[in-house]
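Chemist: Now for the letters of each chain:
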Amino acid sequence: GDSVTQMEGPVTLSEEAFLTINCTYTATGYPSLFWYVQYPGEGLQLLLKATKADDKGSNKGFEATYRKETTSFHLEKGSVQVSDSAVYFCALSDPMIKAAGNKLTFGGGTRVLVKP
Amino acid sequence: DTAVSQTPKYLVTQMGNDKSIKCEQNLGHDTMYWYKQDSKKFLKIMFSYNNKELIINETVPNRFSPKSPDKAHLNLHINSLELGDSAVYFCASSGQPNNSPLHFGNGTRLTVT
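Protein sequence lines correspond, in order, to chains A and B. In terms of the working numbering, the first sequence has 12 at position 12, counting the first letter as 1, and numbering is strictly consecutive. In terms of the working numbering, the second sequence has 82 at position 82, counting the first letter as 1, and numbering is strictly consecutive.
For reference, chain B alone in the conformation it holds in the complex (with noise of 0.2 Å):
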């Protein structure tokens, strides 16, 4: 009964790939969030989706576009691989009020080669 789950947990591809990770949350939270963690652990906000609306988009190439399907799924895809894109990608959901804790997936492992 994972509350934030994310797949997969690691994912090595070469560059110029294409590929999606998935989050899912079963806490009801109607907002989601992808987050960036480098090599030395920073962590920045790539994307936020209230009730399936975007309302944060950080300067994030237009090479990632995330998708949410519903308010419970936020997918992340990324085309066109490159080796800067290898990271740490972490989901998270938040409810109210505003200013509510973040809850985290265990993160997903992107190496591009």
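Chain A with its partners taken away, still in its complex shape (with noise of 0.2 Å):
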């Protein structure tokens, strides 16, 4: 079956730092991916996405690049805020699952805490 897995936290970086979340996946398809950011006492937001290979997704300085040769969508920050602080998900939606509507299947996710 699907599956994502992405480095485990906490990660804890000084504001202006360079981030890195690394993401790998396992699919049966092609399947499209995503990175969602879930601020403390909030629901997940999208943050970016990608739909096919060599694809870049950027949003609010971050980026991830789809890899297809090595089945990566690792997550960039050149220089983080404070307010970067949150819990990171990785995920995929597998277009071979032919159900109606995005199945996304999540990665663990990653804390990352930046102290000023």
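Don't take each hint at face value.
Simulated DEER-style distance windows between Cβ atoms [claimed, not checked]: (1) N57/B <-> A53/A: 28 to 36 Å; (2) S14/A <-> A3/B: 32 to 40 Å; (3) R63/B <-> G1/A: 19 to 27 Å.
Per the computed footprint, the stretches of chain B lying under chain A, defined by three or more beta-carbons under 8 Å from a beta-carbon of chain A, are [what the hints assert, rightly or not]: (4) 42–48; (5) 88–99; (6) 103–111.
Capping the alpha-carbon separation at 25 Å, the derived lysine to any residue pairs in SDA-like fashion look like this [stated by the list, open to error]: (7) K68/A <-> T12/A; (8) K9/B <-> N22/A; (9) K36/B <-> M7/A; (10) K41/B <-> V87/A; (11) K40/B <-> T26/A; (12) K41/B <-> S3/A; (13) K56/A <-> N98/B; (14) K19/B <-> A87/B; (15) K56/A <-> A17/A; (16) K41/B <-> N22/A.
Since the hints were derived computationally from the structure, they do not count as laboratory data. Beta carbons: idealized from backbone N, C-alpha and C, even for Gly.
Using the hints, put the two standalone chains together into the complex.
Modeler: This is the structure in structure tokens:
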């Protein structure tokens, strides 16, 4: 079955540091890939997405590139801020699953703490 | 004008009780979902409805029964609550095409004592 593996946290950084969160996946088809962010006490929000190989998703200074050859979708940000402290989830949706809607398979989440 | 709203935000109850969580979306989406997030933040889909029709039911105990009176609402009823049901439950919705992002509610933290 489909699965998503992401690095365990917590990841603790100083402000303006470089952030990388690794994500690799296993899927039967050619999935779409997502990064979601969850701030304390809130639901998940879409951060960025990519739907085909070599696509780069970007938003709010975050980037991730769909790498089919390494089945990866690593999240990066060049200079983090305290406000980036949150839990980050990598996810995929598998087009081989023909049910209507978008069944997402999530990674386990990575908590990021940015200190001033 | 919250897009996906669920109530209550917190729910504390005793073992054996029956409780419901309500969810409404005003995005005009056809598909709605329930996800369970455990204490380690792991998220797993429970159910998905498309236009009031159940399309995904992921090995969830029969004590959990979703109900969709219309495509803007998806409620979750839980019978005979158990300690292991304690978690945060998230409602979500999505539109077309099939790989469209999900929009999540802020969650309902259920604590069973």
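Chemist: Next step is simple, just say for each hint if it's right about the structure.
Modeler: These are the hints, each one checked on the structure:
The supplied range of 28 to 36 Å is met by N57/B and A53/A, whose beta-carbon atoms lie about 32 Å from each other. The supplied range of 32 to 40 Å is met by S14/A and A3/B, whose beta-carbon atoms lie about 34 Å from each other. Range check, R63/B to G1/A: about 24 Å between beta-carbon atoms, so the 19 to 27 Å window is met. Here the region 42–48 of chain B counts 5 residues with a CB under 8 Å from a CB of chain A, which clears the bar of 3, and the coverage holds.
Coverage of the region 88–99 of chain B by chain A holds [criterion: at least 3 residues with CB-CB distance below 8 Å; count 5]. With 5 residues carrying a beta carbon less than 8 Å from a beta carbon of chain A, the region 103–111 of chain B meets the three-residue requirement, and the given coverage holds. The hinted pair formed by K68/A and T12/A fails the criterion: a straight-line CA distance of about 29 Å is larger than 25 Å. Restraint check for K9/B and N22/A: not satisfied, since their Cα atoms lie roughly 32 Å apart, outside the 25 Å limit.
Distance hint between K36/B and M7/A is fulfilled; the C-alpha atoms sit about 21 Å from each other, no more than 25 Å. A distance of roughly 9 Å separates the Cα atoms of K41/B and V87/A; the hinted pair therefore holds under the 25 Å criterion. At most 25 Å may separate the alpha-carbon atoms for a hinted pair to count; K40/B and T26/A meet this at roughly 22 Å. A threshold of 25 Å between alpha carbons decides the hint, and for K41/B with S3/A the separation of about 16 Å falls inside it, so the pair holds.
Restraint check: the Cα-Cα separation between K56/A and N98/B comes to about 20 Å, which is no more than 25 Å; the hinted pair holds. Of the supplied pair hints, the one linking K19/B and A87/B holds, its CA atoms being roughly 14 Å apart against a limit of 25 Å. Between K56/A and A17/A the alpha-carbon distance is near 21 Å, which keeps this suggested pair within the 25 Å criterion. A threshold of 25 Å between alpha carbons decides the hint, and for K41/B with N22/A the separation of about 17 Å falls inside it, so the pair holds.
Figure legend: structure checked against the earlier numbered hints; hints not met, in rising order: 7, 8.
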